[in-house]
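In order, the protein sequences belong to chains A and B. For the first sequence, our numbering assigns the number 1 to the initial residue and increments by one for each residue that follows. For the second sequence, our numbering assigns the number 1 to the initial residue and increments by one for each residue that follows.
In short, the hints are calculated from the structure, not lab data. Note that this is a predicted model, so its numbers are computed, not measured. Among the clues, some could well be false.
[Said to hold, decoys possible] Okay, the calculated beta carbon distance ranges per label pair:
{"#": "1", "chain 1": "A", "residue 1": "N114", "chain 2": "B", "residue 2": "D324", "range": "49 to 55 Å"}
{"#": "2", "chain 1": "B", "residue 1": "K171", "chain 2": "A", "residue 2": "S5", "range": "38 to 44 Å"}
{"#": "3", "chain 1": "A", "residue 1": "K217", "chain 2": "B", "residue 2": "D115", "range": "56 to 62 Å"}
[Stated by the list, open to error] DMTMM-like, lysine to aspartate or glutamate: derived pairs with alpha carbons at most 20 Å apart:
{"#": "4", "chain 1": "A", "residue 1": "K91", "chain 2": "B", "residue 2": "E30"}
{"#": "5", "chain 1": "B", "residue 1": "K277", "chain 2": "A", "residue 2": "D60"}
{"#": "6", "chain 1": "A", "residue 1": "K385", "chain 2": "B", "residue 2": "E30"}
{"#": "7", "chain 1": "B", "residue 1": "K277", "chain 2": "A", "residue 2": "D115"}
{"#": "8", "chain 1": "A", "residue 1": "K91", "chain 2": "A", "residue 2": "D60"}
{"#": "9", "chain 1": "B", "residue 1": "K411", "chain 2": "A", "residue 2": "D115"}
Note that the Cβ used here is the ideal one computed from N, Cα and C, for glycine as well.
There are 2 protein chains.
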Amino acid sequence: MQKPSLPKGTRDFGTLQMGRRNFILDTIKETFQLFGYQQIETPAMENLSTLTGKYGDEGDQLLFKILNSGDFAKDVTEDDLKNGSPSILPKVSEKGLRYDLTVPFARYVVMNRNDLVFPFKRYQIQPVWRADRPQKGRYREFYQCDADVVGTDSLVCEAEIILMIRRVFAKLGLKSYSIKLNNRKILTGIAEAIGEAGKEGPLCVAIDKLDKIGWEKVKEELSQRGFEEDSIQKLVPLVNLQEGLTQKLDFLREFLNSSETGLKGIQEIEEALTILKQMGEDLAHVDFDILLARGLSYYTGAIFEVKVHGVSIGSVSGGGRYDDLTGVFGLPGVSGVGFSFGVDRIYDVLDELGLFPEESLQGTRLLLAYFDQKGFDYALSILGKFRAAGIKAEIYPDSSKLKKQLEFASKKEIPFVGICGDAEINSGTLVLKNLKTGEQESLSLEKAVEALV
Amino acid sequence: MQKPSLPKGTRDFGTLQMGRRNFILDTIKETFQLFGYQQIETPAMENLSTLTGKYGDEGDQLLFKILNSGDFAKDVTEDDLKNGSPSILPKVSEKGLRYDLTVPFARYVVMNRNDLVFPFKRYQIQPVWRADRPQKGRYREFYQCDADVVGTDSLVCEAEIILMIRRVFAKLGLKSYSIKLNNRKILTGIAEAIGEAGKEGPLCVAIDKLDKIGWEKVKEELSQRGFEEDSIQKLVPLVNLQEGLTQKLDFLREFLNSSETGLKGIQEIEEALTILKQMGEDLAHVDFDILLARGLSYYTGAIFEVKVHGVSIGSVSGGGRYDDLTGVFGLPGVSGVGFSFGVDRIYDVLDELGLFPEESLQGTRLLLAYFDQKGFDYALSILGKFRAAGIKAEIYPDSSKLKKQLEFASKKEIPFVGICGDAEINSGTLVLKNLKTGEQESLSLEKAVEALV
């Protein structure tokens, strides 16, 4: 008999983890809905024609492909076999597991474009699969949690993303974090302003390493990537920029005054922040980061990234504005803005900071316990009263010693035990014991319900 | 540019469907939790060694297999190619998509047996995949929604399953349905009593067709399956049995008096129903169906199946008791009882009976609308008040005519629009319009919040 095991890079979620994950996900869902976003789901499997070519060569390699059903190898020839896997693949597989939620969403928008109401706000919380090399904190199956609004370029959306992030984090008890904010047009403008128009890609890749390797090494890399010495020198004031929002904006207006695109980027940042103020909101947690460059090739406007302070975990949320979600499926001009929460990382952050509520999050609140058959019968007769009041309640189903029942409650982290002894049966009451404090008192059933609701 | 499409047998769920599905699933989850069940999740992918051989030959064929990553064909030889797909399969695939939630649960129990608290009550709501031929109402990806308790043979569990089904159906507004209840031991007893011990399998397969093909044809089939004429004749009183619970039990006690197992089955049915009464519950919807035979090979005690009256849709819930969940993974003797809700079918039933709440189930409740920039600014400034009160609210993000905003609200099934005109701006109020009735009134913001909470 072989011992069962899990595929590499996959996980089970037990009851404790699921309670905690649901705590996070419910908070996120409630927030999305409060802002008018509605849920959709797409299938785990997509046609390979939908997935392939959307994530670069490396992404294509990381797609999990599904073997065709039935006699899958019937069209494979000896020549295919000689040519190897790439020749065989198209003959044995036409479907793959989704790699993210963005491409399925784009497909969904295109296929349903005549029925959707634009601006269309959707959220989607589903697992995705990547054949990555498994390592600590990186899994082959993990949940993504995306919200996007498409069909509008209003900066109200950007302002509301900041509000949604702040609401989720407040509800989760996270206090110390930054919502880094930038705009792709500013990065484009910087490249133009230093005389390297169109090279914001390599510029950002290099600048991104500033914290890790320092300015001298970044300069070297830029030089290797073909940036002129003169251009690199022009970056110095940017790299050293450390002041507040107004100062940064003032500096940039000067620095980018030759770049129409750059100035547009500044204007968009200002407008989003103005909308926040109009909404009666402050700029708490908002950190305008001129060099933030997340997912550059895709974004065309705002760029977001959220980092929690004091933990070793990377960004826990991020996103940005794009102006062509669905062009690859033949529907050009669909612009929008989206962001996502990294559920696994938020889980780790809350765990590291001890922010999960102590009480079991989805578990039973009351176990009815008894000494003998008479007590069991009594417990059965009163159990429904607690459930009718919405109290998660159960009875230890097999006749057993009270000690065993209490151990069961304790192991299952059930906070209260209602003990049914002879005195309770005769008076129609219950001894309610708080397992954490050890306190117990005799209560009428009504009072016991009140105490637990 | 190729038009994107979905793989055969898969579906997207749009916002309306997701609202309705969540209405069903939230009701089920809440009920499971009220009875002490807690959620777990297992990965979509399992090792083929875990899945294969658990669902019969046909099931093995219907497993979706995942192609190994990288150079998957490197070990395939020309001989394999000549021998065809069955020889190639083990060399190119070692993982598959889960086919149900029972086998992954069994694997989970075995892998975590030292950490779980028994009796262990878990629920699990996740998609499963089967390479079935797609047809109306049958999909290649669909959700299962299972609850099981393992590590106890208490009949309290059976009684509580009846209560959970009734609670879910009551919350969903379903009134006319039967919870058919039987016990595998009774079926075993019947086979013994008619002199065909051990043949309850073929007996039930034939009897199952009674409604469709009639008794004469069933007799023929039993005869073809090797049942003696004499045995078949002994079934007549059973087939004609139509009376109430007490009468059925009395009859069976007589009919099965030679079968120890059969009598045990009767006793189990009686005990579960006695527990219901002890819990202060009636037998509403419970229908003791002596010939109910669902999933015979697997169940050893109670058998459940739920049918809604007046709809063309098959059983919407079912389950039963088993005494060896995990033996196949080397851990014998784990008994339990489980049942599941068929979410797709419940959806279809509620749809057919018009039982979904009319109001949008996860959608926005209030759209703030405006005539001009001044109104837009005012709407922005008051939006947060509604959200702070938990009211799902949004603003049309792009400057546009009021008519367009109202159309947007109407298409998105937003029930209320808050109109921000000059009078409202000056008095700090809002015209709250009910889009369904057309009624509107001018309200202070506080009153508007109260009206919508």
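Here is what the structure says about each hint:
no., hint, in the structure
1, A:N114 <-> B:D324: 49 to 55 Å, "53 Å, holds"
2, B:K171 <-> A:S5: 38 to 44 Å, "39 Å, holds"
3, A:K217 <-> B:D115: 56 to 62 Å, "48 Å, violated"
4, A:K91 <-> B:E30, "46 Å, violated"
5, B:K277 <-> A:D60, "60 Å, violated"
6, A:K385 <-> B:E30, "16 Å, holds"
7, B:K277 <-> A:D115, "52 Å, violated"
8, A:K91 <-> A:D60, "16 Å, holds"
9, B:K411 <-> A:D115, "10 Å, holds"
In this structure, the hints that do not hold are numbers 3, 4, 5 and 7, in rising order.
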